[in-house]
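2 protein chains.
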Amino acid sequence: MQPHESARGPHVLRQINSRAVLRAIRERSPARVADLMQATGLSRPAVTRAVAELRDAGLVADVDETAQVSMGRPAQWIRFRAEAGYVVGVDVGSHKVVAMVADLSGKVVASRQMATGERLLQSVRDTIAEALAKADLTGDDVWAIVVGTPGIVEESSGEVLLAPGIPGLAHLPVLDELRTITPSPVLIENDINLAVLGERWCGAAVGSDSLVFVHWGVRIGAGIIIDGKPYRGANGAAGEIGFVDVFSTPDGPDPEPLLGARAANAVSEKGAFEHAVGSQTIAELADAEDVAAVFAAATDGDPAALEVVDRIAARFARGLAALLLILDPREVIIGGGLSRAGETLLAAIDRHLRPRILTSPRLVLSDLGSDAVALGAVRRALDHAEQRLP
Amino acid sequence: MQPHESARGPHVLRQINSRAVLRAIRERSPARVADLMQATGLSRPAVTRAVAELRDAGLVADVDETAQVSMGRPAQWIRFRAEAGYVVGVDVGSHKVVAMVADLSGKVVASRQMATGERLLQSVRDTIAEALAKADLTGDDVWAIVVGTPGIVEESSGEVLLAPGIPGLAHLPVLDELRTITPSPVLIENDINLAVLGERWCGAAVGSDSLVFVHWGVRIGAGIIIDGKPYRGANGAAGEIGFVDVFSTPDGPDPEPLLGARAANAVSEKGAFEHAVGSQTIAELADAEDVAAVFAAATDGDPAALEVVDRIAARFARGLAALLLILDPREVIIGGGLSRAGETLLAAIDRHLRPRILTSPRLVLSDLGSDAVALGAVRRALDHAEQRLP
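For the record, the sequence lines run as chains A and B. Position one of the first sequence corresponds to residue 1 (full-length UniProt numbering), numbered consecutively onward. Position one of the second sequence corresponds to residue 1 (full-length UniProt numbering), numbered consecutively onward.
Be careful, since some hints might not be right.
All copies of an identical chain are treated as equivalent in the list; a pair is satisfied when it fits inside any one copy or across any two copies.
To be verified - In silico lysine to any residue, SDA-like type, Cα no more than 20 Å apart, as pairs:
| hint | residue 1 | residue 2 |
| --- | --- | --- |
| 1 | 229 | 330 |
| 2 | 229 | 209 |
| 3 | 229 | 383 |
| 4 | 134 | 364 |
| 5 | 96 | 337 |
| 6 | 134 | 280 |
| 7 | 96 | 112 |
| 8 | 134 | 106 |
| 9 | 96 | 117 |
For the record, the hints were derived by calculation from the structure and aren't laboratory data.
Please work from the sequences and hints to get the whole structure.
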């Protein structure tokens, strides 16, 4: 909305002006009154009043004089108080929990990682608490917490409906537990849906409007950005390519139903595609225990390792092709543990992928690696926290 | 935008009021001034002035007195002049061209079908011309033409980049040719993307915001609605599931590249999934010449025919499952020639599909059958034409 100096009630008007001035300060921080007049088109009195209100609300502050000296001639510089609030992004994995604390500018000020203990919820709570303590903060300083977890998450309730990756996670009262940490909003979201947000925020495809992030590790799944927004599907289950069956014969038997009668046991199920290209399979194909060693040998030119990488890339390319034929994204990021295999694997995937698809998306490796989920959770939490700004 | 009676320039104000009154008339047609006052919140003078302006513009008219008598007490009834403009929706197929002419209310007033002649563009032109002649209209009466065609259509240029279904169509100057018919906008779009619009407008999933239409005939492809809008992908190539390979063995050979070096020959290519479940395959599986006869026999309970239907449904379900795992839509429509096989086939697909997916979309057959593309083209043309209304 454009700022106005007339034609509205004084309260609404002041709020619109405050919003415009705050946005201008955040974009420039620090900024002078003259900068803000130019950026907003408001008069000096209107800007000055908005700054005063924002200062009272604790959202902006004057840059102290020592810093001002180094900036040249002494004018009043105003900065956004990114420390006015904090958000927490959490990545709950099968082996570890990561919590990142960031200020309102998105700067990560503390990070904590813990092995997942037997009591999953307690591990999550503890990791968040320790990360906050490390930053000398309490739950009252937190404006939003977003938790990423494997599985299908129901958006409205935040309930994890199905989480094959983490036994015992489905239907746990995650939100109830975390809401004891802070009075602010706590959200839960599928981890791969967050990873794609992270990469779009500060990773391999900044600002992309048409993006697929494929997580390739023990699990396989995809996070989708359409028109610049996360696409979750009608039930929060979009991108579940790990379950796509691209390998059985045309008239092979149908799989056992995952849901319905067997829902209770579904946590132990793997998808067909996951099964065919997961890290376990790579180890089996290479007759090796350590997948990383296979890729290292391939990068060094070992013919046997190269052949394994080529075969696994060919299989992966088949599942990826299905995704790309259906979604036709502009950019594709490959992340998850397997993406650490680097360019040797990427080149092989690319070679097998191109004959299978009709378009030419940009194919890149994850920039954020194992931080993608937590950073995506921070980004999502910031989006939420920003609703509290004027 | 809400209508206003103050606080704006008189010109803008009148336009806003006209728009509100026209919308109210279109929703109710016919309507009385009192109805319009209630619907818009405008005063009697403001409504009367807007009606006068709309009448001058030829967009509304008084209902003639004879009709008014039958409507009860004599008040002035005003109707939308749906005949103020027309649109044309065209379906260009490999064997036939269908053109439908509709008025601004969406009522189809004329329809014409012709076999595709050797000169494809001439066939399209002739079909449109004959449909218009049948309705006693000329190109000047037309507010928009939308043409549906197989293949990948570049949105900006309207160029058909790849059309395996219709030899010779790719890179034809379709738009240049059709722009000689009318001075109004002419658009071209992938036919299956239009079919889903048609079904959403007046077919099997009216108003659905999360919908996939799967065309199952000689070709296989999908049209996608996300958040109530058509989803085309970054290159207009979304939904090309006909090319998904769900049937070769894990380490089978890669397909020959479709694009690149062989692009020129791509028109003769079929997708792997199309190849495995297309109508030709069904005929081969049933050792029959007539696919329809196979389904008729299955519906009558013939065991051999039922087995063929079951096998083909199982194969189709596998490709469909890939689409549903990736997109997680709320509703799925199966259209195209095979959908005429009806409930026997649908039930078999459903049975094989459910174990393969994680969610429970509504699965239905096309309502519009072979009219889906032309009606979707009419809908798209109406959307365009409506931009000309106040």
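Going down the list of hints, with the structure as the test:
Taking CA atoms no more than 20 Å apart as the test, residue 229 paired with residue 330 passes in both settings, with 14 Å inside one copy and 19 Å between copies. In this assembly of identical chains, the alpha carbons of residue 229 and residue 209 lie at most 20 Å apart whether taken from the same copy (7 Å) or from different copies (16 Å). Taking CA atoms no more than 20 Å apart as the test, residue 229 paired with residue 383 passes inside one copy only; the shortest distance there is 12 Å, against 24 Å between copies. Taking identical chains as interchangeable, the C-alpha atoms of residue 134 and residue 364 are never at most 20 Å apart, the minima being 34 Å within one chain and 55 Å between chains.
Taking the shortest Cα distances, residue 96 and residue 337 sit within 20 Å of each other inside one copy (14 Å), while across copies they are farther apart (52 Å). In this assembly of identical chains, the alpha carbons of residue 134 and residue 280 never lie at most 20 Å apart, being 37 Å within a copy and 67 Å across copies at closest. In this homomeric assembly, residue 96 and residue 112 come within 20 Å of each other (Cα to Cα) only inside a single copy, at 10 Å, whereas the closest approach across copies is 65 Å. Proximity of residue 134 and residue 106 under a CA criterion of 20 Å is satisfied intra-copy only: 17 Å inside one chain copy versus 64 Å between copies.
When the C-alpha separation of residue 96 and residue 117 is checked against a cutoff of 20 Å, the pair qualifies only within one copy, where the shortest distance is 8 Å, while the shortest distance between copies is 66 Å.
Figure legend: structure checked against the earlier numbered hints; hints not met, in rising order: 4, 6.
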